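**Q** Positions 6 to 307 (the working numbering) are the ones given, in order, by the sequence shown.
Since the hints were derived computationally from the structure, they do not count as laboratory data.
Hints may be right or wrong, so weigh each one.
[To be verified] The list that follows gives simulated cross-link-like pairs (lysine to aspartate or glutamate, EDC-like), each with its CA atoms no further than 16 Å apart:
1) 239 / 266
2) 106 / 79
3) 239 / 273
4) 239 / 263
5) 106 / 86
6) 239 / 269
7) 111 / 74
8) 194 / 47
9) 111 / 240
10) 194 / 52
11) 194 / 215
12) 106 / 74
13) 194 / 45
14) 194 / 219
15) 50 / 182
16) 111 / 79
17) 111 / 269
All of these numbers come straight from a predicted model, not from anything done at the bench.
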Amino acid sequence: MEELERATNLKRILESPSYRVAYQDLDFLADPKLRPTRMELELLKPELAFERLNITATIVVFGGTRIVERAQAESRLRAAEARLKLDPRDRGLQRQVAVAKRLLAKSHYYDIAREFAYIVSRACSTDGHCDYVICTGGGPGIMEAANRGAYDAGVKSIGLNIRLPMEQQPNPYITPELCFQFHYFALRKFHFLLRAKALVVFPGGFGTLDELSDALTLRQTRRMQPIPIIIFGKEYWERVLDFGYLADEGVIDDEDLDLFEYAETAQEAWDIICRFHESARPPTVPPADALDNDDAGRLNAH
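Using the sequences and the hints, build the whole thing.
**A** Have a look at this one:
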């Protein structure tokens, strides 16, 4: 083999995907046959981080991405009304205005989720350590509100984000070293419930329904630890899911209706958790103006 040919072939060898170290070969790791390995990595990465930061208990908050704070909801309604004004007879635009009004009516749940997370974080934080860490799906809406409440309290919180076909950015209130991106819904759900001490559910859509029904099924079948499941918005959820009808039809037991409780205020939800876990610290009521302060300059606090 001539010297030029040897040099050319050596260059091809060094550049060949086969020569990459396996754990640095992203094409190899993306192979469908490596799915079990990828799933194990998604299990281990957050697990090791939680172990390193001594996070053993969480309060998980679920809820709709489209339920935003009032100012943003009002802005969206004005935009919908402006579009309708250009074509008042358009039924699609009329529908958009009606939906925007309904979402505005639910914007108070953003404030409640934020207040709830603040109360939990303040009550459970001692010397830089938080016994019950707020954990969300890391996205906008109710998830943002809960992470924001912990942020207001100066306490760490978790965001378990998921890769979706549409744009899905983590909200800016999550503690950076506790924000994780998942590919597999199953592993994400596992981490939601593995160390949960309570599940708090606000109005939401398919994703919230999926997470709620998953937790109820696991509790019903005793496949997870006993925890309180607290549902905000009784009027909303009784129209979405008629639990009483399920019991009347005999497809669930009457006792299964005791797997969850309704709440309408942040303090009420925290009281339910405290009663369930007798060792929980008594609630710390935040100052009246605590959630109105401008926290834009505190993004580096964590």
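**Q** Which numbered hints turn out to be false for this structure?
**A** none
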